[in-house]
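**Q** With the sequences and hints as input, model every part of the structure.
Number of protein chains: 2
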Amino acid sequence: MTLQGVSIIGSRRGQGSNSAGKSINPTNNEVIDPDYAAVTPEELDMAASLAAEAFKTYRDTSGEKKAEFLRAIASNIEACIEDLVVRMPLETGLPEMRVRGESGRTCGQLRMFADLVEEGSWVDARIDRAQLDRQPLPKVDTRSMLRPLGPVAVFAASNFPLAFSTAGGDTASALAAGCPVIVKAHSSHLGTAEIVGLAIQKAVADCALPEGIFSLVYGSGRRVGQALVSHPAIKAVGFTGSYTGGRNLMDLAAARPEPIPVYAEMSAINPVVILPEAAAANGATLAEGLFGSLTLGVGQFCTNPGLVFIHVDAVEGIAVKLGELVSASSSGTMLNSSICQAYGAGLERLKNHAQVQILAEGLCGDQGNQAIPTVFQTTAADFISSGNLTEEVFGPATLLVTYTSDEELIRSFRSLGGQLTASLHGTNSELAEHVRLARVLEDRAGRVVFNGFPTGVEVCASMVHGGPFPSTSDGRSTSVGTMAIGRFTRAVCYQDCPDVILPDELKDANPAGIQRSEV
Amino acid sequence: MTLQGVSIIGSRRGQGSNSAGKSINPTNNEVIDPDYAAVTPEELDMAASLAAEAFKTYRDTSGEKKAEFLRAIASNIEACIEDLVVRMPLETGLPEMRVRGESGRTCGQLRMFADLVEEGSWVDARIDRAQLDRQPLPKVDTRSMLRPLGPVAVFAASNFPLAFSTAGGDTASALAAGCPVIVKAHSSHLGTAEIVGLAIQKAVADCALPEGIFSLVYGSGRRVGQALVSHPAIKAVGFTGSYTGGRNLMDLAAARPEPIPVYAEMSAINPVVILPEAAAANGATLAEGLFGSLTLGVGQFCTNPGLVFIHVDAVEGIAVKLGELVSASSSGTMLNSSICQAYGAGLERLKNHAQVQILAEGLCGDQGNQAIPTVFQTTAADFISSGNLTEEVFGPATLLVTYTSDEELIRSFRSLGGQLTASLHGTNSELAEHVRLARVLEDRAGRVVFNGFPTGVEVCASMVHGGPFPSTSDGRSTSVGTMAIGRFTRAVCYQDCPDVILPDELKDANPAGIQRSEV
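Protein sequences, first through last, are from chains A and B. If you use the numbering used here, the first sequence corresponds to residues 2 to 520, in order. If you use the numbering used here, the second sequence corresponds to residues 2 to 520, in order.
Fair warning: there could be bad hints in the mix.
Identical copies carry no separate label here, and so any pair may be met within one copy or between two of them.
Calculated cross-link-like contacts (lysine to aspartate or glutamate; reagent style EDC-like; alpha-carbon spacing at most 16 Å) [said to hold, decoys possible]: (1) Lys352 with Glu362; (2) Lys203 with Glu69; (3) Lys140 with Glu459; (4) Lys57 with Glu443.
Worth flagging that the hints you see were computed from the coordinates, not collected in a lab.
**A** Spelled out as structure tokens, the structure:
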């Protein structure tokens, strides 16, 4: 496939004006053709207008048709997997196996939403029929269901070039809800975005849907990203990235004449607690599990365990084994040089912190942008008093915190912001005695993990990949799993509405054949 | 009942320091004893601390127990109905019948939420069981459900001293969700708030629940209201009132170190469209219906129809009849002098508007704070070009807008902000030809009404009393009906969680006996 290096505007291609740069191979810092052209303001406006126009019909497109479309996207991505296997490792340093695995997850996610909307009951249809003889006043007929919000802006993530990017979870859930999508590509993997973007563009044509359902734009976050979020046609935003980037979009969206919801998944250090009996009984196994979770994907997962609380009397076994594993480990190539520089700065901060000791670090390889696995240690008392050890260090680093009592542990948690996950390891009897601690963890997280590590997010109906601020902008949401579709909807009530105007899901005869709550 | 004029802080009473003023009888502007003491910062902090402490157990209180509590509140309100019948009309100018009616609605609402949480399936429990033999990796057990957010601040509304105030919809839905509540009383009906607050305080004691579940505080919005929303223990806000007040709270909540959701129901002009065949066929009936909706409760409902689009060729019959009804109507006492002054200013603005004609106005009575029903008229062309006719005039005033084509009608709608409701009148054949117009109305509203008027909000499962900004701060929410409970929750996922720690709703044996989605 020959990449053209320009935006996708509905069924067309942009021309662009300024350069949005080239991708850079993080293993050797070499630039990769082609040069990408930033979307022009006129092209962006065209994408938004096409999206608004497409929404007029896509909002009422049947679940069957949306399912066909989502499955067509998945098939078209699979059809270009060999192009992705060539391009994506060059841009990201990620191995071929990861490309195939993440592509599988991405297509699986698209098909999961296809199944969801084909079945159709997700709209939470509620029907309260009229009661004309009710006293003192007759009751009108009211019916409600979830309806799509309108065009959605999606910001691709650096660390999941497929599963959280062009055709990732935000795009899949918005398209499933009935919302057109405009994706802003991430500067780290411009070509991967184009390959996937073309697969979606082709699916729109394959299914004879209005072209404005999908566009993909290139350009800087500051200029293009902000213009997108400020555009009056845009009704919601999905974002995965840094706290600074997410917070900027939150503030921008809140200051619009018509504020719109922003679903930003931002930063987390995913605390892990290991209770003493579990630590004593399974120290080596826990150290191995922690090491695996910590170094998975060179530590570049939002669920990376950056903080591990272990009772001081039981820390030694785990610390020794983890130290051995980390010392014998090798560095890995990070996704890009800014992530690598930020990781280096984070390590320096911890190395120079008076209350933190370095426990172990791995070996450095000879490619570019290497992240060396590193483990630090401190005490809960120092953790609480210093107050500046709660910031995410994005990469394969973690901080062991030794605590002396449950009260100290709970105080430590109180100093933490919201998290995507919190994990608790304990024997059966320890867990039974720590229900209150589990609720303290729950207060800080969207997902509470027991006797496991936080990396590895199941894509299923009960998954919550979200959590209180600042892990996300909106702790009531999830960006993974079927519940993610709810983010791009609002309930609408139809009162005494004729059947001909009601959406199919609410018509008397229930032509969509869905489950409804009826009174 | 002797009113004490101080805040309710859990099971105690505040002392207060500064005065928060007295209620004023709007019919004669006389002040009514007692003087109310503003809550002190220490008392407010005590209320917040008690709420946070109460949340530790109330979050896990069973649906049965919460139902008992909500029903106890309703019974205790009914037990003091004669006190309310004496006090509330003095403070609000509302008639005894309204006190009894609104009390019935308030208690009905509390019992509706009691039924909802007693049944229990509202938590959207989802269970994806482990699959240990799944390839390439085993699947963990994940379970999710909606869990309460934490203590909620509720701001009482001026216009519904019972149904949207101390024990109103926000309080009922937050308590049902498992969240403690701190209500800030409205300065218009201080005594009504105290009577209802004591009924809730007694219900907490009757049910042997932790005292911090409920507090009621007095004081200014600027000082006490802002301190409440800024308090770190508060996790969500419910508000019904003006755009300015709501927007201030939104901005304050968004600027907190930990931003929290604000559900503010603010302002709406609830456009009504009357298509020409319907206008020609039923002009007199439509005029009567519009007059009734317009003047109900002296026009002081958030669903008051402030804007009526009628085809120019069919306007005459309705305009003449409506003019007759309004000219023969009498003014009514408004809730307080600031609402009355704002209404007067709104009328003056329209009377002095070059593109607006006055069609009819009612007669003025001799009590204080009178609102005279008034109807204005303009053309859609002038409505669109002037751009300043979309502001709410809170009271019994409406603006007829004559349009010449569906395109002009749609352009008029595009200039409107979000609304609580939009109404469409047409014959069967007209409605069948106006599906696209219905979608334009839907884009601007939370509830779309057909051949009816917007006042009269059913309290039921399918009701949406919400709508796009600026009608509310969060167009994904409703403040009436069972869906309102969702506002004070977030989904939490438990991974491989032992039964002893899982909330009852997710335990293997399903002791709560609720409907769950299981795979």
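**Q** For each hint, tell me whether it holds in the structure or not.
**A** Results of checking the hints against the structure:
1. Proximity of Lys352 to Glu362 under the C-alpha cut-off of 16 Å is restricted to the intra-copy arrangement: shortest distance 11 Å within a copy versus 77 Å between copies.
2. In this homomeric assembly, Lys203 and Glu69 come within 16 Å of each other (Cα to Cα) only inside a single copy, at 13 Å, whereas the closest approach across copies is 57 Å.
3. Taking CA atoms no more than 16 Å apart as the test, Lys140 paired with Glu459 passes between copies only; the shortest distance there is 8 Å, against 44 Å inside one copy.
4. In this assembly of identical chains, the alpha carbons of Lys57 and Glu443 lie at most 16 Å apart only when taken from different copies (11 Å versus 41 Å within one copy).
Every hint, counting from the list given before, is met by this structure.
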